[in-house]
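**Student:** Each chain, letter by letter, is given below.
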Amino acid sequence: MRRVIFKTYRRLALVGALVASGLAVAALPGAASAGASGGVITVGTLYANTGSFATSSMPEYAGLQFWVKQVNAAGGMYVAPLKKKEQVKLVSFNDQSDPATATTLYNQLLTQNKVNVFVADFGSVLTAPAVTIAKDQKHLLFDITGSGTSFFSSGPNPYVVLTSLPVSAVWPKPVVGLLSSLKIKRVAILYCQNDFDQAQAAAIQGFLSKEGLKPVYFQGVPTTQSDYSTIVQAIKGTNPQAVLEFGYPNNDIAFLNQLKSTNTHFNFVLTPFPGQLPTLFQQDVGAKALDWGYTYAVPPILKINQVNIGLGLNQFLAKFAPGKESSVNFLNVAGYNAGLAIQAAFAHATSMSQLGIRAGLTAVNGKLQTLEGTFALNKAGAQVGELLPVSQMVPAGSGFAYKIVYPATPAQKAMVNATAKYPAPKA
Amino acid sequence: MRLFEYALISGVLYGLFYGFIGVGLNLLFGVMRLVNLAHGDLVVWGGYLAYSLTTSAHVNPLWAIPISIPLALVAGFLLYVLTVPRLRRSPDTETSSLILFFGVSQVLEALATMKYGTNQVTLPELGNPVTIFGQQYAASLVASAALAVPALALFYLYLYRTRLGLATRAVMANEEEATASGVRIRLVATSAFMIGLAFAAAAGPLATFMLGGINPTTGGGLTITAFTIIIIGSLGNPAGTAAGGVLYGLASSLTQAYATAWTGMVPYALLLVVVLVRPSGLFGRRVRVA
Amino acid sequence: MPLALVVAVLASGPALYNNLAFLTTLAIYILLAQGVNVVYGFTGYLPFGYVGFFGAGIYGSSLAITYWHVGGYAAIGLGAATSIIAGLILSPLLRLSGAYFALATLAASQALYFIVANESWTFGESGMSLPLLFSPTALYAISVVAVALTLIVILLVRDSHFGLSLRAIRSDPVSAAMAGVNVVRTRTLAWLLSAALAGVAGALWAMMTSAFYAETPFDLTISVYAIVFALFGGVRTVIGPVLGTIVLYSLYQYIGISNPQYFELIYGLLIVLLVLFLPGGLTSLVGGRGDRPAWWNWVLRRRSAHGDLTPEGRSS
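Chains as they are written, first to last, in the numbering used here: chain A, 1 to 427; chain B, 1001 to 1290; chain C, 2001 to 2316.
Treat the hints with care, as some may be off.
[What the hints assert, rightly or not] Going by beta-carbon spacing under 8 Å, a handful of chain B positions derived as facing chain A: (1) 1119; (2) 1120; (3) 1122; (4) 1125; (5) 1136; (6) 1137; (7) 1138; (8) 1140; (9) 1141; (10) 1212; (11) 1221; (12) 1253; (13) 1256; (14) 1260.
[Unchecked claim] Subject to a maximum C-alpha distance of 30 Å in a straight line, what follows is the list of computed DSS-like cross-link-like pairs (lysine-lysine): (15) 1115(B) / 69(A); (16) 403(A) / 210(A); (17) 173(A) / 421(A); (18) 1115(B) / 319(A); (19) 288(A) / 1115(B); (20) 69(A) / 324(A); (21) 135(A) / 379(A); (22) 324(A) / 1115(B); (23) 1115(B) / 260(A); (24) 403(A) / 324(A).
Rather than coming from a laboratory, the hints here were simulated on the basis of the structure. Here the structure is a predicted model, which is why all the values come from computation and not from measurement. Yeah, the Cβ is synthetic: ideal placement off N, Cα and C, and Gly gets one too.
Can you build the whole structure from these sequences, using the hints too?
**Tutor:** Structure below.
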């Protein structure tokens, strides 16, 4: 009996030592980098270098890093309550596209690294845990692309700021305008079952029903869908005048390739991502299969050079990737734009408290002109300014060019540089 | 009606390809009860080989098939020697192998990310669409089905017309009896492992077409699909694997046509129904259950 | 004694490392690893789709909070109840064994995911969004209590007639049945107990995360981590899964915040090495119960055929 007890204690001692060392080890980096004082403003963020969101997360992160480099090179960012410029320090962790890991890492940024403000990782799935933490701990979150409807539907909320994209439900408004200007009545809608795509599909369905129209095809597929063979055939069977496919990049690629490999021709095809990731689509789908297709026009297709903060688009392209301007995509711009929002908030902040920093954004709401357009937030923190026009991909040389064919706001009418070619010519 | 016809034909064509995906796994799981969760990742690596060939040497991606086979045989031998003898000593080989190969799959995914990045990668289409009964099917789909048939036939010849295949089937049916009657288990196991991996890698280029491109995370879903197919079609039965694939392909294309929202659930629902109703699979004689 | 130690360590967690989201997740993983311990350690069934119960608990509690406006404690109870119901529905799977069982549970968990992701009453597409019911500190305290209660239950199970029956079934179901053990009922009870643990863990996770989409609760890596943590610590012991979770999940967090480039590669290799070189888990190194270290088994086999009859000791 005594021996058993002795052995137990020995074992427990070892367990205790292991646990303690485990925790001590885990606590180390937090202790080492704690504190936001000492003349720097710390901005925390997460990125994903593996997993399903890496494709989008990494370029966005690169854009934010570029912003930090820019402000620091200019001697820092002006912080109104301190009446001086401060250097910006970016603290970032890798969540590997896993929302559960992201939860603990966002919390790490706030509790251990004590960052002044934090920036969410790409997309609604990885932003969701940050939204919770921002609300619970009353800490200001800059949400770049997490446009999930539920984040902004529970009333006024000063702690979440959507910097880049309008909420998903607002996106497709110009698409409906274009469809009705082309007198298209038979619309087929295929969407992926996630917040981003479903909200767009539902919004279009709503707009159409106001005009007394009903989609001839309206179906959701899992976001993991990769085989579109029979789906395309089913859509073809409904004889649509326009086909709208709302997916993530991999869905758009698989869908467009299916059309190509079966020589299926529709007169009007809209997919959301060729505008955001031109290089990837050029590689994976090819210019020929993209010709005459439609997509949302985002920067850098949308060239906004009249700005009152940060760089205009052309300057951004030249400085971000000198000599390789064509490799710059929307997510690079979005990451940089989030930095500009942070910069504006601090430049007009009334105090260093979280609400004081947020008040800085309220002061410039609707007046800020960035390379993404007019920065305007509603009371829930959703972006309502940076609306996206529709563009058509038009053959040009060996590749294609994006022509803006339908504006989202009256101000964008000046940007329209082509009329939509409908029906799309056969290859 | 036209849609139904299309769903049937494309279901069969896809199904033959899925049968091809199942073959390699069938050998590993059937012979040694190794739950190879890295199967899909091996297929994806076969696809990446084809991608490298087309982008660097600008040759037809199907050349990757003959090139991948010897590479996979060597890789299979190494992986076998490094892991399987130790695994077989574990009191619960099946469970241990499942966790081990999950680790291997993570490693393969990580290596793919390092080499090829996280973007979706596609292969250039093989040619103009093929017309069957007046409807158009992708050339790659028809080619995949056409290549799956000889692959399944080879699998059949190996199991039923070679001495090693005979021994393999004996081990699948009952390892102890086979050992007692003088079958050289280690030889059977090694060759099953190597050949299984070769089949997986050879299916890779086709998978890249059939899945609309590949990325490092594609393998996971493919593994589950492959398990579904071999369990439906029964272990050690090439015709069963082909039939399991076709059944899966049909179920998948018919849900695409008539219950689009539920396509993701097809493999899981099929697997559950089959293991509960007939755990030995639809074409098997017997299998060890509880 | 070990129980007091675990609680003491968890309670002092915030003083050492004040990241409550991490500590609460750690407690949740301890519950999951113990759930795996019950069903795999005590019955030999590997529930690869264990995450299905976790997801059922998450959605059971979240929907109760959303539609019935129940309080936090009721939500935990309803989460557990939902998982138990899911366990009852899936109990026919216990007829299978080995990899068939593992893959069938995996299929079941993913089928459940597709149902949740497809339906609008589960907020499958728009995402779940819950009100704040507990402060992070309160939620962590509740999680520590849940871990303590779980350990008591596992201790009771291990030392009860029920635990004895489980072990008998694990080593040989046929002889156990002949000795009068109701094999089906005993297995099912263990299965439901482990489902309930995952349900409680799920409810805690739902209240901690409060905004999420269906892919997160049903992510298969959660199953895999729970299994790997339990195995790393050592199944069939009470302390093993706790130890395995604390060490490996802390390591995971540490690697995560030290930001290496090859995270996935390192973690994958770790799993491979673990299976090959430490199949009995950490507790086997310390000479724990259950699986003895391989070298010791070898010695026993050399010395006498009676080596395996050494009576099982207590504690750990």
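**Student:** All hints are to be evaluated individually against the structure, with a verdict given for each.
**Tutor:** Against the structure, the hints come out as follows:
no.: 1; hint: 1119; in the structure: holds, 5 Å
no.: 2; hint: 1120; in the structure: holds, 5 Å
no.: 3; hint: 1122; in the structure: holds, 4 Å
no.: 4; hint: 1125; in the structure: holds, 5 Å
no.: 5; hint: 1136; in the structure: holds, 5 Å
no.: 6; hint: 1137; in the structure: holds, 7 Å
no.: 7; hint: 1138; in the structure: holds, 4 Å
no.: 8; hint: 1140; in the structure: holds, 6 Å
no.: 9; hint: 1141; in the structure: holds, 7 Å
no.: 10; hint: 1212; in the structure: holds, 3 Å
no.: 11; hint: 1221; in the structure: holds, 6 Å
no.: 12; hint: 1253; in the structure: holds, 4 Å
no.: 13; hint: 1256; in the structure: holds, 4 Å
no.: 14; hint: 1260; in the structure: holds, 4 Å
no.: 15; hint: 1115(B) / 69(A); in the structure: holds, 28 Å
no.: 16; hint: 403(A) / 210(A); in the structure: holds, 28 Å
no.: 17; hint: 173(A) / 421(A); in the structure: holds, 19 Å
no.: 18; hint: 1115(B) / 319(A); in the structure: holds, 28 Å
no.: 19; hint: 288(A) / 1115(B); in the structure: holds, 28 Å
no.: 20; hint: 69(A) / 324(A); in the structure: holds, 19 Å
no.: 21; hint: 135(A) / 379(A); in the structure: holds, 14 Å
no.: 22; hint: 324(A) / 1115(B); in the structure: holds, 22 Å
no.: 23; hint: 1115(B) / 260(A); in the structure: holds, 28 Å
no.: 24; hint: 403(A) / 324(A); in the structure: holds, 21 Å
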